[in-house]
Each structure stands twice: as structure tokens, then as C-alpha cells.
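2 protein chains.
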Amino acid sequence: MSRAIASTKSPDAPPKLTEALEYAVFPGGARIRPTILTTVALACGDDAPEMTDRAAAALELIHCGSLVHDDLPCFDDADLRRGKASVHRAFSEPLSVLTGDSLIVLAFDVLSRQTPAHSERALELIRILSRQTGPPYGICAGQGWESEEKINLSSYHRSKTGALFVAATQMGAVAAGQDAEPWYELGARIGEAFQVADDLRDVMLDQDELGKPVGQDDLHARPNAVAEFGVSGAMQRLKDILGGAIASIPSCPGEAQLARMVTLQAQKITPNIKKTSRV
Amino acid sequence: MSRAIASTKSPDAPPKLTEALEYAVFPGGARIRPTILTTVALACGDDAPEMTDRAAAALELIHCGSLVHDDLPCFDDADLRRGKASVHRAFSEPLSVLTGDSLIVLAFDVLSRQTPAHSERALELIRILSRQTGPPYGICAGQGWESEEKINLSSYHRSKTGALFVAATQMGAVAAGQDAEPWYELGARIGEAFQVADDLRDVMLDQDELGKPVGQDDLHARPNAVAEFGVSGAMQRLKDILGGAIASIPSCPGEAQLARMVTLQAQKITPNIKKTSRV
Numbered sequence: 119m120s121r122a123i124a125s126t127k128s129p130d131a132p133p134k135l136t137e138a139l140e141y142a143v144f145p146g147g148a149r150i151r152p153t154i155l156t157t158v159a160l161a162c163g164d165d166a167p168e169m170t171d172r173a174a175a176a177l178e179l180i181h182c183g184s185l186v187h188d189d190l191p192c193f194d195d196a197d198l199r200r201g202k203a204s205v206h207r208a209f210s211e212p213l214s215v216l217t218g219d220s221l222i223v224l225a226f227d228v229l230s231r232q233t234p235a236h237s238e239r240a241l242e243l244i245r246i247l248s249r250q251t252g253p254p255y256g257i258c259a260g261q262g263w264e265s266e267e268k269i270n271l272s273s274y275h276r277s278k279t280g281a282l283f284v285a286a287t288q289m290g291a292v293a294a295g296q297d298a299e300p301w302y303e304l305g306a307r308i309g310e311a312f313q314v315a316d317d318l319r320d321v322m323l324d325q326d327e328l329g330k331p332v333g334q335d336d337l338h339a340r341p342n343a344v345a346e347f348g349v350s351g352a353m354q355r356l357k358d359i360l361g362g363a364i365a366s367i368p369s370c371p372g373e374a375q376l377a378r379m380v381t382l383q384a385q386k387i388t389p390n391i392k393k394t395s396r397v
Numbered sequence: 119m120s121r122a123i124a125s126t127k128s129p130d131a132p133p134k135l136t137e138a139l140e141y142a143v144f145p146g147g148a149r150i151r152p153t154i155l156t157t158v159a160l161a162c163g164d165d166a167p168e169m170t171d172r173a174a175a176a177l178e179l180i181h182c183g184s185l186v187h188d189d190l191p192c193f194d195d196a197d198l199r200r201g202k203a204s205v206h207r208a209f210s211e212p213l214s215v216l217t218g219d220s221l222i223v224l225a226f227d228v229l230s231r232q233t234p235a236h237s238e239r240a241l242e243l244i245r246i247l248s249r250q251t252g253p254p255y256g257i258c259a260g261q262g263w264e265s266e267e268k269i270n271l272s273s274y275h276r277s278k279t280g281a282l283f284v285a286a287t288q289m290g291a292v293a294a295g296q297d298a299e300p301w302y303e304l305g306a307r308i309g310e311a312f313q314v315a316d317d318l319r320d321v322m323l324d325q326d327e328l329g330k331p332v333g334q335d336d337l338h339a340r341p342n343a344v345a346e347f348g349v350s351g352a353m354q355r356l357k358d359i360l361g362g363a364i365a366s367i368p369s370c371p372g373e374a375q376l377a378r379m380v381t382l383q384a385q386k387i388t389p390n391i392k393k394t395s396r397v
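Protein chains in written order, with the working numbering: chain Y, 119 to 397; chain X, 119 to 397.
These are computed hints drawn from the structure, not numbers from a lab. Note that this is a predicted model, so its numbers are computed, not measured. Some hints here could point you the wrong way.
For chains that are exact copies, the list does not tell them apart, and a pair is met inside one copy or across any two.
[To be verified] Below 16 Å or equal to it, Euclidean Cα-Cα: the simulated EDC-like pairs (lysine to aspartate or glutamate) are:
1. K134 <-> E264
2. K134 <-> E267
3. K127 <-> E137
4. K268 <-> D130
5. K134 <-> E266
6. K386 <-> D316
7. K202 <-> E140
8. K202 <-> E137
9. K202 <-> E242
10. K386 <-> E140
11. K268 <-> E303
12. K357 <-> E137
13. K134 <-> E211
Please construct the entire structure, taking both the sequences and the accompanying hints into account.
Below you can see the structure in the form of C-alpha cells.
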């Protein structure tokens, strides 16, 4: 990440855009997606750590770019992100559009800078990341569903939240030289869990704890698991999904460690899980 | 292009975003950049035409995406593009942001779908395209200069207009298995010529001929070669730059044909060139 952002600095670059890029990426949030990616790569033997690092950085750059665009006035119009002013509030709307665009481009740039020994892996990582970012299955499509009168709920959640978790597990496996396909389900289930956890956080935390405005789902009339199942119903659903996620882990050297990581990440994203369950 | 756009259609994708993507790309403008790319590839032997097609499509997808974002209310706030309503007027601002994002992602996706025989070329094409799109040298940086109080004019023009012409000549060469570096100057000079031609068009044509609002440079207080040199001064400058462009063409089998193409493209972009000169 640091190398990617440093590469944008130059007397030939407009200083505010360079500053906005750094602001959008540092200090980071929980960095959950690159952590999952790296843990999967380790579980698969991690025979090309430089490739894994690049994959993790690329994935987080896409995630940061998507947050910058999601916060724009025409979407969530969010004043806060990660406990500080959103990019369009701290800089401007034009710089916010360009920051998101630049982070998307940088993600693919990072993946393309490979040694010839790993060209095939690099190209497959680019294919996975583009598939989980662009339409029809990626986060752009997920955000696009919010412009429809009639939402396909399962497509919406899978693409809006699930896509980058599928990218995390599949890119981790591919960075370590393994097939992507067996790792789809783990990513999809972590994505579902994250969605339910996010719905719980949106309802249960206050703005200081969350680092961004609360009650956004209600405000934007977005579907929310808590509205559908109630708090305890949503908590049960989260437990079930995490159980399924762990059961779906493909057989690999680091299987047990990976299961622990999924549980730990689940505890991180939902403060209440610590008190009520130890999935 | 058609294949890339078709790949976004699915019952899992939000229909309006899919429609907006098609609207932003078809019918096209002059398709100058992919024409230059393809002509350079042909001049270099074009031993992998499928690779050339993908490179040309990727470059035009980036260009179309940049137009969609440039037209946004926070930038040019343009009502018209290519003689029809701009994407944010025809659809909405959220869909316009997502359309631009999606087109950027699709560009890299198109390049990543290669046969293993050409993996190295594909990765180099991705590196060139990302360099000429993102900061510090690409079109995002070019647009970013418009948010600065003090503009570095040569960096501004080189990145805002020149970058995708450099991408065109370098990607054409690389798609055909040649080195990128000797093709930098041709791209940069075509970019300069295009910038001067665009300045002339902005001042001299009416809205119907241009297919977008005129007088935008004046309105946005952007630097303009006509304001600096006058119409006949700017025309002379255009002639000089084109002469330099043709002189810079690296030695290759299709050198003469390439020189003709540069002249033809120059005539296309500046209606007055037809009457006043035959560079």
C-alpha cells in the first residue's frame, strides 16, 4: 500500500490529488480483506510472498476507492469515514471522484508489476479482482442496485458486500499458486456474515464507536437483516453463517489456523459477538 | 468493445447500470485513440491481432470512462456529449459515477483475458495503460490539476490530453511484440496536436458541429492555445507539431502508412486543416 501511494508522488502530479490519495488510504480501517487474503495465502503455503503482498495491497486499494465514491454526495453523502472527514468534505467533490478513480487504477497497476516467473498468477489475480469489482458481479453492480426501483436482494448483497470477500479468499489462494474456485464459498459466506454484522452495527452502535454516521440503512431505506429478523434473530443468523464459512474451508495445510482467523475477524466486526457467543 | 460491454449483461446485474454502460460507449465518437493504436500495431507487423483488438478496446473503454466522469456536475457539468445527453443527464449522477468506475475496471479486465502465450505482453499493456490513466502521469492527474490554484501547464497538458495518445502508440507497439519506449514521442506529439486542435474547435465550431457545449475553456478559465497564439498562430503551431510527430516515427515496416494515418487523423480533428493546409 505504502509503495503504491508513494509511486504517485512526483513534481509532475497535482499536489492535492496526491495528498487526497494518502488521506483516503492512511490510517486504514480494520484492513479485514487483505488480512483474510494473506491468511488464506499462508494456509495455502504462501510460496510467493511478494505476490501475496501485492494482491493484498491491490484489494485494499479497490476497497478504499469504493469507500471514497460511496461517500460522495450523490450516494451516501457521508461527512465521516474512519473517524475523520470523508474525502469530499476534507478536499472536494472533484478530488474525491479522481481519488476513487486513481485508487482503482493503482490496484491493477500494483498487480501488473510482477516478475516474469509469476505472470500467469498476476493475470489471474487481475481477472479475479476485475470480476469482483466491475459489473455484472462486482461492487460497482452492488452499488448500482441502489438505483433500481426493484432490487434483486441476493444479487445486491452478493455484489455489494460479498464480492470483495470472494476476491480476498480467491486471490489469497491464487497468489499462493492454488486454484481459485474451491475458495469461492468461504469468501461468499464471510461476505454474508459481514453484511449481517454491518447491519447490527448500523443499528446498535453510536457514531463515535462506528467512525461514520449510524442509521444509514434506515435513512436510505436499504434492506437490513435486523429489520427483517430482529437483533437476536440476526445474531443467530450470523452464528449460522460463520459455522458454514468454517465448514467450507478447503482442505489445506493451514486449515485450523484459517478457522481461528475467521472467528477472530467475526469478533472484530461485531462487538456483541464477544459477549454473546464464541463462534 | 462490444464483447466487453456484452460481458456485463446478466440477470444478476442492475439493468440501468448495464444500459448506461452501453449508452456511454455506443455509438462511439471518432475512436481516434484505438485507430492510432491499431495503425501502430499494423506498422509493427501485428503478429497477435487478438491482442491488438483487446488493447484497442481497453484504451477506448478508459477514454469513454474518463468522458463520463469529466461531464459530471462537479467537473464540466456538461449536458451534451457526442451529440446526445451526457450519462448523468440521461441516467443519474450515481449511475454516471458507477459507469465511469465500471469502464475503468472493464478495461483492465479485457487486457487480462489473454492466452498464456501472450501473458508478458498483456501485463506490459496493463502497466502502460495504468501509468497513463492514474497519477502521477495519467489522465486522472491531468484532471486533478484543475483543482490546483497554480497549474503546471506542461504537466497538465501532457497528462490530461497527451497520456492516452502515448498509451495508444506504446500499446500498439507492445501488442505487436515491440518495445514501448521508442513510441513515446509520437504519442506525446499527437497528444499536443490534439490539444491545439481541440482548442481551435472549442473556439471556432458551433455546438451542433462539436456535439458538446462550446466555449468551455473560456467558461472554466482553462488555458487555451488560441487565446495564447491567436487562430493563425495556433494553426501554425499545429502544423509544426504534426511535422515533428511524423518525423519521430520509429523505423518500422509500415512507417509510410503510419505517417499518412497521422495526417488523416489531423484532418479529421480540425475541420479547418482541410481548407488551409495538408500537413
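Structure-based check of all given hints:
In the homo-oligomer, the alpha carbons of K134 and E264 lie at most 16 Å apart only across protomers (10 Å), although the nearest pairing inside one protomer, at 31 Å, exceeds that limit. Within a single copy, K134 and E267 get their C-alpha atoms only as close as 38 Å, which misses the 16 Å cut-off; across copies the closest is 10 Å, which meets it. For the homomeric pair K127 and E137, the shortest alpha-carbon distance inside one copy (9 Å) is at most 16 Å, but the shortest distance between copies (37 Å) is not. Proximity of K268 to D130 under the C-alpha cut-off of 16 Å is restricted to the inter-copy arrangement: shortest distance 13 Å between copies versus 46 Å within a copy.
Proximity of K134 to E266 under the C-alpha cut-off of 16 Å is restricted to the inter-copy arrangement: shortest distance 7 Å between copies versus 35 Å within a copy. In this assembly of identical chains, K386 and D316 lie within 16 Å of each other by CA distance solely inside one copy; the values are 11 Å within and 54 Å between copies. When the C-alpha separation of K202 and E140 is checked against a cutoff of 16 Å, the pair qualifies only within one copy, where the shortest distance is 13 Å, while the shortest distance between copies is 37 Å. In this assembly of identical chains, K202 and E137 lie within 16 Å of each other by CA distance solely inside one copy; the values are 15 Å within and 36 Å between copies.
Proximity of K202 to E242 under the C-alpha cut-off of 16 Å is found in neither arrangement, the shortest distances being 35 Å within a copy and 38 Å between copies. In this assembly of identical chains, K386 and E140 lie within 16 Å of each other by CA distance neither inside one copy nor across copies; the values are 25 Å within and 41 Å between. Within a single copy, K268 and E303 get their C-alpha atoms no closer than 27 Å, and across copies no closer than 51 Å, so neither meets the 16 Å cut-off. Taking the shortest alpha-carbon separations for K357 and E137, neither the intra-copy value of 41 Å nor the inter-copy value of 39 Å comes in at or below 16 Å.
Taking CA atoms no more than 16 Å apart as the test, K134 paired with E211 passes inside one copy only; the shortest distance there is 12 Å, against 24 Å between copies.
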